[in-house]
Amino acid sequence: MSARRRYWLMKSEPDTFSIDDLERVRTEPWNGVRNYQARNFMRDGMQVGDGVLFYHSNTEVPGIVGTATVASKAYPDETQFDSKSVYFDSKSTREEPRWFLVDVAFERKFSRTITLDEMKQHAARLGEDFALIRRGNRLSVLPVSAAQWKYLLSLE
DNA sequence: GCCAACGTTGGC
DNA sequence: GCCAACGTTGGC
Numbered sequence: 001m002s003a004r005r006r007y008w009l010m011k012s013e014p015d016t017f018s019i020d021d022l023e024r025v026r027t028e029p030w031n032g033v034r035n036y037q038a039r040n041f042m043r044d045g046m047q048v049g050d051g052v053l054f055y056h057s058n059t060e061v062p063g064i065v066g067t068a069t070v071a072s073k074a075y076p077d078e079t080q081f082d083s084k085s086v087y088f089d090s091k092s093t094r095e096e097p098r099w100f101l102v103d104v105a106f107e108r109k110f111s112r113t114i115t116l117d118e119m120k121q122h123a124a125r126l127g128e129d130f131a132l133i134r135r136g137n138r139l140s141v142l143p144v145s146a147a148q149w150k151y152l153l154s155l156e
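Going by UniProt numbering, the residue at position 138 of the first sequence is 138; the numbering climbs one at a time, nothing skipped.
None of these hints come from the bench; they were simulated from the model. Model, not experiment: these values are computed from the prediction. Treat the hints with care, as some may be off.
Unchecked claim - Okay, the calculated beta carbon distance ranges per label pair:
1) A123 with P29: 31 to 37 Å
2) S72 with T115: 28 to 34 Å
3) S111 with S90: 40 to 46 Å
4) S111 with N35: 29 to 35 Å
5) S83 with R108: 33 to 39 Å
6) Y87 with S154: 33 to 39 Å
7) T16 with D44: 24 to 30 Å
8) S92 with R138: 19 to 25 Å
9) R134 with D20: 25 to 31 Å
10) D44 with Y87: 19 to 25 Å
11) Q47 with T93: 38 to 44 Å
12) G136 with S90: 25 to 31 Å
The beta carbon of each residue, even a glycine, is placed where N, CA and C say it ideally should be.
Required output: the full structure, derived from the provided sequences and hints.
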């Protein structure tokens with residue numbers, strides 16, 4: 001028995017890893033998340049098959065650029081053990097890994113970007129629990145309700 | 001490039 | 001356990 005499909009939004013800086021990069025490689029380990037809340041969403045909340053809104057942050061026009069799916073259960077982020085990686089964490093051990101990730105698989109690139117600006121205009125409809133447009137929210141992985149997912153896709 | 005927001009670290 | 005200092009995120 002599997003629980004109902006859940007939905008998420010995951011941010012990536014397109015200069016580092018864009019939706020086009022994901023389309024090219026098809027599946028990517030979502031490494032480098034070093035925020036506990038974001039980690040908890042991946043480790044404790046995500047299941048294979050969940051829907052992901054792929055969001056481009058820190059770019060000229062930030063917004064949702066496509067969809068992906070969660071393609072694995074959570075497992076330890078290998079980069080935390082790599083002393084040469086920028087994501088290296090000297091306090092993490094293989095016995096007790098601190099950071100987890102999931103694999104994310106490309107699904108679809110939108111015909112256009114659903115911009116952050118546009119989402120703000122639809123704030124009333126998206127609701128107060130839509131974390132992306134709550135002031136000051138910097139989480140790079142955040143939950144999206146089924147209603148928000150449906151509504152955001154309808155904007156394309 | 002600036003800087004507000006805010007999570008994390010570390011001294012006490 | 002408080003909280004100032006610091007570092008990072010990410011919109012603008």
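Going through the hints against the structure:
| no. | hint | in the structure |
| --- | --- | --- |
| 1 | A123 with P29: 31 to 37 Å | 33 Å, holds |
| 2 | S72 with T115: 28 to 34 Å | 30 Å, holds |
| 3 | S111 with S90: 40 to 46 Å | 45 Å, holds |
| 4 | S111 with N35: 29 to 35 Å | 31 Å, holds |
| 5 | S83 with R108: 33 to 39 Å | 37 Å, holds |
| 6 | Y87 with S154: 33 to 39 Å | 36 Å, holds |
| 7 | T16 with D44: 24 to 30 Å | 25 Å, holds |
| 8 | S92 with R138: 19 to 25 Å | 22 Å, holds |
| 9 | R134 with D20: 25 to 31 Å | 29 Å, holds |
| 10 | D44 with Y87: 19 to 25 Å | 20 Å, holds |
| 11 | Q47 with T93: 38 to 44 Å | 27 Å, violated |
| 12 | G136 with S90: 25 to 31 Å | 29 Å, holds |
Against the hints set out earlier in the document, a violation occurs for number 11 only.
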